[in-house]
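There are 2 protein chains.
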Amino acid sequence: MAKDFTTRAEDYSKWYNELVVKADLAENSDVRGCMVIKPYGYGIWEKIQQQLDKMFKATGHQNAYFPLFIPKSYLSKEADHVEGFAKECAVVTHYRLKNAEDGSGVVVDPNAKLEEELIVRPTSETIIWNTYKNWIQSYRDLPILVNQWANVVRWEMRTRLFLRTAEFLWQEGHTAHATKDEAIAESEQMLEVYADFVENYMAVPVVKGLKTPSERFAGALETYCIEALMQDGKALQAGTSHFLGQNFAKAFDVKYATKEGKQEYVWATSWGVSTRLMGALVMSHSDDNGLVLPPKLAPIQVAIVPIYKNEEQFNAISEKAKAIQEQLEDRGISVKFDDRDTHKPGWKFAEYEFKGVPVRIAIGPRDLENNNVEVARRDTLEKSLQSMDGIDAYVAQLLKDIQKNLLDKAKARMEEKTTPVNSWEEFQEVIDNKTGFVSAHWDGTAETEQKIKELTKATIRCIPLNNPQEEGKCVFSGKPSTQRVLFAKAY
Amino acid sequence: MAKDFTTRAEDYSKWYNELVVKADLAENSDVRGCMVIKPYGYGIWEKIQQQLDKMFKATGHQNAYFPLFIPKSYLSKEADHVEGFAKECAVVTHYRLKNAEDGSGVVVDPNAKLEEELIVRPTSETIIWNTYKNWIQSYRDLPILVNQWANVVRWEMRTRLFLRTAEFLWQEGHTAHATKDEAIAESEQMLEVYADFVENYMAVPVVKGLKTPSERFAGALETYCIEALMQDGKALQAGTSHFLGQNFAKAFDVKYATKEGKQEYVWATSWGVSTRLMGALVMSHSDDNGLVLPPKLAPIQVAIVPIYKNEEQFNAISEKAKAIQEQLEDRGISVKFDDRDTHKPGWKFAEYEFKGVPVRIAIGPRDLENNNVEVARRDTLEKSLQSMDGIDAYVAQLLKDIQKNLLDKAKARMEEKTTPVNSWEEFQEVIDNKTGFVSAHWDGTAETEQKIKELTKATIRCIPLNNPQEEGKCVFSGKPSTQRVLFAKAY
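Line by line, the protein sequences give chains A and B.
Okay, so the first sequence: first residue is 460 according to my numbering, each after it adds one.
Okay, so the second sequence: first residue is 460 according to my numbering, each after it adds one.
Just chain A, same shape as in the assembly (with noise of 0.2 Å):
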């Protein structure tokens, strides 16, 4: 399995893509940009999905749908939105087509144009704000806390599986509010569930922060996000939030009446994680043997193999095998018994290792005598002998530790790759070199951050939530400055 596989050190990219397509993960597919996100792919993104939807439900949202075509009019109704939005995107002009005339297949039929293009929503905020205008009279319909599963375009030309894709699967939080205190604390509440979810079951420790305002998400006030770090030192923005003011209610004409009966403009907010963080999840934890997964979100957490020579080895085997299957399946936990005939031990082994399966459990003839199991760990491919008395208490101790030592590893790294820097000389030394997060003094201008972008690639991160606030000098400018943001290369 693992042979043929690049390894990191090798090259880095490299190793990220044959992962994703050799692990079943995803795949490209023939239309330029779309991936395939194949079945041990997609049971990853469920578990990902149910997770956050708990969380979503525990916090007052529901669920509901809107429509995939956007009118090109409605992306043009808020200002900053259609500059960010309305470019690169799929257009949808007719509505039939017909037989060539040639029998060489079928072409679009002509008389079947559209009045007014459509847009495949590379976001869904002007649609939904459209529709709220007639949800939305007094202050008794709000506030509204809607959450959309749904798959958007954005028409990218350099695309990744998983990381940047022309079609991507995310959800999307639209929330209305009464008050612009009420719609801050949701974009607050939102960016806490995202770094709780990231830290807690992705076992991805996150930095949570502000954009600058040239990284606001387009027609924002204010774009909280969580940013992660990769085991090359890149940055990876993993969830954003937006508080979007009064933008959208002013675009579409969303009022309410208020308690004494006066008109005000609705407040909102908008949230939203994607598959991107399946990215963040292979490029978190993976090694050179494979894939490596938090047992939390593992579809399989648990293979069970048989090593056996004949049928009666077989059966034995068999006999314990599926009793301890079922004794860690009353416990809540995933188990895989693999009786295929038609794979060796050894072959499935490697499987199991290179799929990042967090435990894997081995059974022979030897073991049947002695009462034991071999118990093999992913993350750090240590093996044990363990009793199969009470080796279920035993793999659901084993496989929290293997989800904290995952976090507490990535912790480490991220600790050890964010660097205070106070010139410009080790700024671009520590950037091109050590990699990962800077932390430096910035004078808080765009032109600054522009030209820093442009000479070393890094750009803002984020400002850092309660970010301490001390007396400084730009890296760059050398003007004053009254904090330390994080500058990254990102993916």
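To be clear, the hints were calculated from the coordinates, so they are not data collected in a lab.
Heads up, a few of these hints could be off.
[What the hints assert, rightly or not] Where chain B lies over chain A, by a calculated footprint (3+ residues, C-beta under 8 Å): (1) 483 to 495; (2) 516 to 523; (3) 606 to 615.
[Said to hold, decoys possible] Incomplete in silico selection of chain B near chain A, CB under 7 Å: (4) 495; (5) 496; (6) 527; (7) 564; (8) 567; (9) 610; (10) 626.
The beta-carbon is built from N, C-alpha and C at its ideal position, and this holds for glycine as well.
Model the placement of chain B on the given structure of chain A, informed by the hints.
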């Protein structure tokens, strides 16, 4: 709530449309033919999805995700398929917008024309079989048992909420098999899964059958279907499962090596149900007082409404109500304790009745004194006083009774409205006046089928499975026939 609400007798079609909108299930969007599924409606769809997904997985299927877009040329690869699907569809021709020179908004950039147009998937056989080509080499790779939850688009000219919309949500299973028998068994198995779900969760009885050749899915050798009967006597196709033979394998050149090393084409099935089921659900059980939902799919199964005159009473009632809520939730029953002080009890009663909440519990001060609650069931509108002791067991049983009652009522209606006829006069009389399923002999020709459709608007809904064979004469042509088939006007 229910005032200004059309009755079924007045105008069945209007009743349906009003119900869907006023009960907050869905509404038309500004995008032609596309609906917005509102949170309450989406809550029902989520329950449908969850249960079906469980049943798909229990029969060995996994989920995956394939691209939204299909290259135009793919549709032409299977001759029947292109006739059926490559007509009314959304065509993407460009991938960029740009600012209009006159500043009036954005316009399509003529320089960003796609070399080959992309079709928004009306169904995914072509893109999926183009993918399976790379997944299948040998018999070891088979079967492939994959399902996709997705949105699809068919440019319908006349649309109705849930029943026929340009964009709709559905699942589409696509399986690949080594043998014909296995593929047929899969199609039949999935038909059983659908029938089981629709009858036992939606409480809608169905006839299982085969479509006639002219009603088959475009590209199928055999289409299995389940047909339900609505209250107005019109049939509704609730789900289909197709045996596709080797048509798509041949169109996309998908072969596998047998154990003996021979190259054979792969056998295929596909099967799907959609948000159309929501329409069937609404039309099967609801009445002139609003929605009636089967308990197994109701987002709120029990609503508890406190009746009080002052805070002291409210506090005392709340305490009891919350205790009951907890008892019910411990049994897995979803409960809403409606303690809003913005609405009066009468308004709440009307609201829950209109929204089809199966059981409503009211608690007033006198109930507290007598250790009683008032229980109202939505299906029969009956009310009764019940002791608070053991109320959880009572309600749990009541929910089962309601579920059963809805199915029994719908079954009785279907039986009553299934009429065997033996003459053309009788056929016309029943189709036009009594309505429902007409069981009649048919000579087996597409010509007769077409003529009957032109004359009466009735179509052959299906040839029931395990149909008794009997000698007879075609009700229209008088030619010999070996079996009766089911005709009806349909949605």
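Consistency of the hints with the structure:
1. Look at the segment 483 to 495 of chain A against chain B: 7 of its residues bring a Cβ nearer than 8 Å to a Cβ of that chain, three or more, so the hint holds.
2. Against chain B, the segment 516 to 523 of chain A contributes 3 residues with a C-beta closer than 8 Å to a partner C-beta. That satisfies the three-residue criterion, and the hint holds.
3. Here the segment 606 to 615 of chain A counts 4 residues with a CB under 8 Å from a CB of chain B, which clears the bar of 3, and the coverage holds.
4. With a least beta-carbon distance of about 5 Å to chain A, the hint placing residue 495 (chain B) at the interface is held under the 7 Å criterion.
5. Among the interface hints, the one on residue 496 (chain B) holds; its C-beta lies about 4 Å from the nearest C-beta in chain A, closer than the 7 Å criterion.
6. Because the beta carbon of residue 527 (chain B) sits about 5 Å from the nearest beta carbon in chain A, less than 7 Å, this interface hint is met.
7. Proximity of residue 564 (chain B) to chain A holds as hinted, the smallest CB-CB distance being about 4 Å (cut-off 7 Å).
8. Interface restraint check for residue 567 (chain B): the shortest CB-CB distance to chain A comes to about 6 Å, inside 7 Å, so the restraint holds.
9. Evaluation of the residue 610 (chain B) hint against chain A yields a held restraint, the C-beta minimum of about 6 Å falling below 7 Å.
10. For the restraint placing residue 626 (chain B) at the interface with chain A, the shortest Cβ-Cβ distance is roughly 5 Å, inside the 7 Å limit, so the hint holds.
Comparing the model with each numbered hint stated earlier shows that all of them hold.
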